[in-house]
Structure formats: C-alpha cells, structure tokens
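K.L.:
With the hints as extra help, turn the sequences into a complete structure.
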Amino acid sequence: MAKRQGAGNIQARHDQRRKKRIREQKMRRIAFFSFLALVAVLIVMFFTPFFNIKNVKIEGNNHISSEEISSTIGEITGKNLFSCRKSRIKNKLYKLAYVDKVTIKKKTFPPTITVNIKECVPAFQAEASGGFAVVDKLGKVLEIASEKLEGVPVMEGVQINAAKAGDTIAFKDEETQKTVMSCIETMEKAGIIGDITVMSFADMTNITFNYQGRLDVICGTHIDFQRKLALFKEAVNSNKLTENSRGTINLSTTGKAIYTP
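Just so you know, we're using the numbering used here here: the sequence shown kicks off at 7 and counts up by one.
These aren't lab readings, by the way, just hints derived from the structure by calculation. A portion of the hints provided could be inaccurate.
[As the list claims (entries may be wrong)] Straight-line C-alpha distance at most 30 angstroms; calculated DSSO-like pairs for lysine-lysine:
hint	residue 1	residue 2
1	K112	K63
2	K184	K262
3	K124	K85
Please read all numbers here as calculations on a predicted model, not as lab measurements.
P.N.:
The structure is reproduced here in structure tokens:
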C-alpha cells in the first residue's frame, strides 16, 4: 500500500511538472508572437507611407499669417505622423513674438497635423527704436511698428530703454515700469483697456487716460487703482451717463467718481 501511494505521489509531481512546462512553452510562444506583432505594427507605423502626413491645418491665427507659421514650422507634409514631435513644432513657433500658446493635435485617418495658435493681445504701444513698440499685458514686445497701430492704446510720458520683438520691454526707470505694468494689468482685468485710446504716465501723481475718445479720466496716483477703475465703470454704466456722454471723470478724490460735462 505504501509503495503504491509513493508511486502515485511521484506520478502526480511528474504530471505537475509536465503541465508547468507546457504552460511555460505556451507563454513563451505567446510572448514571441506578440513581439513579432508589435514589430510589424511599428514597421507599418514608422516605415511605410501609409501614415505619412497628408494635411497640415492652422487655426486660431489672426495677426500672424498662415504662410509665416508654415514657414516657421518647416515642411512636414509627407513626413511620418508618429515621428513628427509636437515639442519640436512648438519650440519653433514660440520664437514668433505674437505666439502666446500652441496646441497641436494629430489625426490618424487621414494623417493630419492641426496647429492651433493663441496669439498675444496688444495692451499698449509706446514710442521706441524710431517706431512704436507694441506690447502685451505682461510686457512682452510683440513688434516694432513703423507707425501707430489702429485700435491699440497709445502710452505717453514713458521713456523706453530697450524694445526688441520677443523680449520684455525695458523702461529707463525700473520703478516706473513696475507701476505702469501694474496699472496695465489692472486695466486689462477691469475689461477697459480695449476702449482706451491714450494713457499718460508723464506725471505719476496724475495718471490719466482717454476712454473711447470721449471721456478724459483723471486717476491721480496708482494707489487704490483697482478701486478707482471700479468706480469709473460704475459711473460709465450709471443712468447719469449715456454712450454718447463726453467730458471728464475725476477719480483722484477718495471714494468718488466726479463727472464734469
């Protein structure tokens, strides 16, 4: 009896080892054929013309021409979709001063690259380098225009030390620059900068701007500038003023917006 049990145990262990070998062989075959399939897929993806880029779409641009964007990217039509790196395209486009943000999407069928551009918005223009430096709300110089751009607020009373497209503008006085850019940011957040025609920082104790070519606004100093602009918006939207009202609004008196026709 003991001998039969011993023989049975040996046979059971032998069967287990045999089943284990069979499972391992199956797993090796599966891994091998999976590897071959992966290699085949990669060959099709990267080394056949099936996934070569057929279309390049450019969206969102306004100031920058599609031709300039295409020229900056370089010729990618006909190149492999999967080997075309998004980061490389973005790095090229960020060299254009007007580019704020780039989003790139890939479409497999048909192989297409879509480039979406978000442009910087001019916040003001100031005389510099024999022309007019067009600058966004963060102080980035977007271009040096030979003449004033229509629809962009003109900044007066500041001295520019350096202005180069793509770089941050440099005023001759750093403290003045900090104050001015803080005021620009506040104007932008208040949603009024697009309606300003001229702003003057010639006297930092008497900052002024013209609104829609019809209202001269006296702000006084930059202190409490956010509150002053809130009072200004409240006055403009009140029943006392219409969209055709002309005159002066004085914000330099604490807590008041005084309108004079």
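K.L.:
Taking the hints in turn, state whether each one holds.
P.N.:
Hint by hint, here is what the structure shows:
no.	hint	in the structure
1	K112 x K63	holds, 10 angstroms
2	K184 x K262	holds, 26 angstroms
3	K124 x K85	holds, 25 angstroms
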